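Q: Residues per chain, in single letters:
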Amino acid sequence: MLSFTLRRLLTAIPTLLLISLVIFLLVDLAPGSPMSDIPLTVPPEVRQKMIAAMGADQPVFVRYLLWLKQFFWVEPLYGIDALFGTDFAQGAQRIISWQSKAPVFQIIGERLPQTLTVVGTAYLIGVLIALPIGIYSAYRQYSWFDQAGTFFAMAGFSVPTFFTGNVLILIFAVNLGWFPTIYDTNLEVVDWASFKAMLAQMALPVTVLALFNAAEISRYTRSSVLENLGQDYVRTARAKGMGEGKVVLKHVLRNSLIPVVTVIALGLPTVFGGAIVTEQIFKINGIGAALIGAIHVSDLPTVQTVTFIFAVLIVMFNLIADILYGILDPRIRYD
Amino acid sequence: MTDTTIQTDKPRGPWGDVWAQFRKHKGAMAALVMLGTLAVFCLIGPLVWRIDPNFIETDTVKMFKMRNQGPSFAHPLGTDQLGRDMLARMMFGGRISLAVGTVAMLVAIFIGTTVGVLAGYFRRIDGLLMRLTDLFLALPLLPLLLVMMFLFRDTVAGILGPRLGTFLLIVMAIGLTSWMHAARIVRGEVLALKEREFVLAARSIGTPSRRIIIRHILPNVLSPVLVAATLGIAAAIITESVLSFLGLGFPPDFPTWGRLLYDGIAEIRTYPERVIWPGIAISLTVLSVNYIGDGLRDALDPRIRGR
Numbered sequence: 001m002l003s004f005t006l007r008r009l010l011t012a013i014p015t016l017l018l019i020s021l022v023i024f025l026l027v028d029l030a031p032g033s034p035m036s037d038i039p040l041t042v043p044p045e046v047r048q049k050m051i052a053a054m055g056a057d058q059p060v061f062v063r064y065l066l067w068l069k070q071f072f073w074v075e076p077l078y079g080i081d082a083l084f085g086t087d088f089a090q091g092a093q094r095i096i097s098w099q100s101k102a103p104v105f106q107i108i109g110e111r112l113p114q115t116l117t118v119v120g121t122a123y124l125i126g127v128l129i130a131l132p133i134g135i136y137s138a139y140r141q142y143s144w145f146d147q148a149g150t151f152f153a154m155a156g157f158s159v160p161t162f163f164t165g166n167v168l169i170l171i172f173a174v175n176l177g178w179f180p181t182i183y184d185t186n187l188e189v190v191d192w193a194s195f196k197a198m199l200a201q202m203a204l205p206v207t208v209l210a211l212f213n214a215a216e217i218s219r220y221t222r223s224s225v226l227e228n229l230g231q232d233y234v235r236t237a238r239a240k241g242m243g244e245g246k247v248v249l250k251h252v253l254r255n256s257l258i259p260v261v262t263v264i265a266l267g268l269p270t271v272f273g274g275a276i277v278t279e280q281i282f283k284i285n286g287i288g289a290a291l292i293g294a295i296h297v298s299d300l301p302t303v304q305t306v307t308f309i310f311a312v313l314i315v316m317f318n319l320i321a322d323i324l325y326g327i328l329d330p331r332i333r334y335d
Numbered sequence: 001m002t003d004t005t006i007q008t009d010k011p012r013g014p015w016g017d018v019w020a021q022f023r024k025h026k027g028a029m030a031a032l033v034m035l036g037t038l039a040v041f042c043l044i045g046p047l048v049w050r051i052d053p054n055f056i057e058t059d060t061v062k063m064f065k066m067r068n069q070g071p072s073f074a075h076p077l078g079t080d081q082l083g084r085d086m087l088a089r090m091m092f093g094g095r096i097s098l099a100v101g102t103v104a105m106l107v108a109i110f111i112g113t114t115v116g117v118l119a120g121y122f123r124r125i126d127g128l129l130m131r132l133t134d135l136f137l138a139l140p141l142l143p144l145l146l147v148m149m150f151l152f153r154d155t156v157a158g159i160l161g162p163r164l165g166t167f168l169l170i171v172m173a174i175g176l177t178s179w180m181h182a183a184r185i186v187r188g189e190v191l192a193l194k195e196r197e198f199v200l201a202a203r204s205i206g207t208p209s210r211r212i213i214i215r216h217i218l219p220n221v222l223s224p225v226l227v228a229a230t231l232g233i234a235a236a237i238i239t240e241s242v243l244s245f246l247g248l249g250f251p252p253d254f255p256t257w258g259r260l261l262y263d264g265i266a267e268i269r270t271y272p273e274r275v276i277w278p279g280i281a282i283s284l285t286v287l288s289v290n291y292i293g294d295g296l297r298d299a300l301d302p303r304i305r306g307r
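Each protein sequence line maps, in turn, to chains S and X. Heads up, the first sequence is in full-length UniProt numbering, so the first residue is 1 and it goes up one at a time. Heads up, the second sequence is in full-length UniProt numbering, so the first residue is 1 and it goes up one at a time.
Here chain S stands alone, though its shape is the one from the complex:
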């Protein structure tokens, strides 16, 4: 198991390097770069200085290597410095956003908590809804509950989140006035009233994302439980007089959750992608909104870094899913 984990970790490194190269080149070589947006009235020598100040006059390769070094070496050092008050980085150049002239990681650090609160809560609630629905649908296969569950799941991943989000805003925020339409990121939870305000503003975005996630996970749970219900050990357990609740909730559930856990791990990074849309609907000032804002003003360092962070998340959760699978299922041992 350990050697497998190490081997998987080592193969993740070239994958990440290749992805970073793809992202960097795609963003960098694209025709619509900010260098072409400098007005023609600007004198050539000033233009030259502007480009040099952004560090954009270097060849692509130099910039790529510099960016890699900053991403994997300089920024973690700054992270350590911030945590322990040390001075490892010694003022090395960080990845600077062209838009705000602030370090990209500082922007990400400011935006990430909002995204994590909403996405994390939504994913948790989605899983908590999906599991009982999936289990009961499988236990009563082809019952009305199962049919309704199937329809719910189908609708869940067919109806786009930007539509459900806006319909929910229309009903609960505009017509009923229960919840605010816009997520206030400055709100700090200090007392009971602000906690209630926080809950109110989180309700709609979390519902939208949770419904979307629950749809997919409930399908996986259902098929996994169905597969296990037909196994011999279930018949044995029933034959020795074990109660139905115990059979399903103890024996079947334990075995059927193995693939579900990996699906949950694999799904997390896509949720971050989906959160881009949700953040746009509810005007949440999260990392997805930062990406969209950066794209619209051709802020290449921010776009490259945020996109690459998404890629890192995907590779990392793939790895976690693989390892979890090996730990949970003794039949699958990779060595």
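Heads up, a few of these hints could be off.
As the list claims (entries may be wrong) - Here are some chain X residues pointing at chain S (derived, C-beta under 7 Å):
{"id": "1", "residue": "ALA138"}
{"id": "2", "residue": "VAL147"}
{"id": "3", "residue": "PHE150"}
{"id": "4", "residue": "ARG269"}
{"id": "5", "residue": "VAL275"}
Hint data in this document are derived by calculation from the structure and do not stem from the laboratory. Here the structure is a predicted model, which is why all the values come from computation and not from measurement. Glycine residues also receive a C-beta, built at the ideal position from the N, C-alpha and C atoms.
Could you slot chain X onto chain S? The hints should help.
A: Okay, now just chain X, sitting in the frame of chain S:
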């Protein structure tokens, strides 16, 4: 007696079996009717409802009177903030959305099947191609699509014109980022098919690889590809509308359902129906396509068929 029973039981081809099984899936049949209705609405509708979706009154006074009208006989779905007929815009939007979904799916399936067949059939390039597939699967697709749309949109539109340029860019971008699942499925099927006797027989009489692939392998991977293609249409329509929703899809005078929804959001409080109609259209289309894909999967699986 026996003659009559034989005659009533008409022989069915393999596709007849598939159709018979497909008809048993009630959801899929309802979805087929639904999708047919939507397709007729978009494709034949504009022939009956002959209002130009981009028609704006040139007379300013008339134009202001035409703006933001509610439903009426002249405009069953009302008009938008520039006095354009919403029903006509919905029809044209549907045409584009369906066209994007279909063409993007064709691109994705073409790439996916090619990669899958090559990887499954030729062992030498299998590792390389599957690494490529894994690499694509690890890419953050939505952010990359957004970046691609933003950076290449103006250039491509400048070369090919805003309509064709945006259409081709969106279709290629979606196709290039969604072929991986088809490739994996096809590769798995090809790996199993390659060892079957009929392929061995074909090879032993000296059939060249190209012809084995076209005559023997491809027809046998058709059913998983069909299912993947159906589900691919749904995914492509959603992706296009997400891009339009984020303002990085088609230009404003070029209505798609996603774009109409995006335009409607600014005035959702006063005119909610401008968000509701396109939203319902997208949802119904995707829901029908997904249900049809589900029914096809059951119908094309010989283990389920006949149960």
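Q: I'd like to know which numbered hints this structure contradicts. Please list them from smallest to largest.
A: Violated: none.
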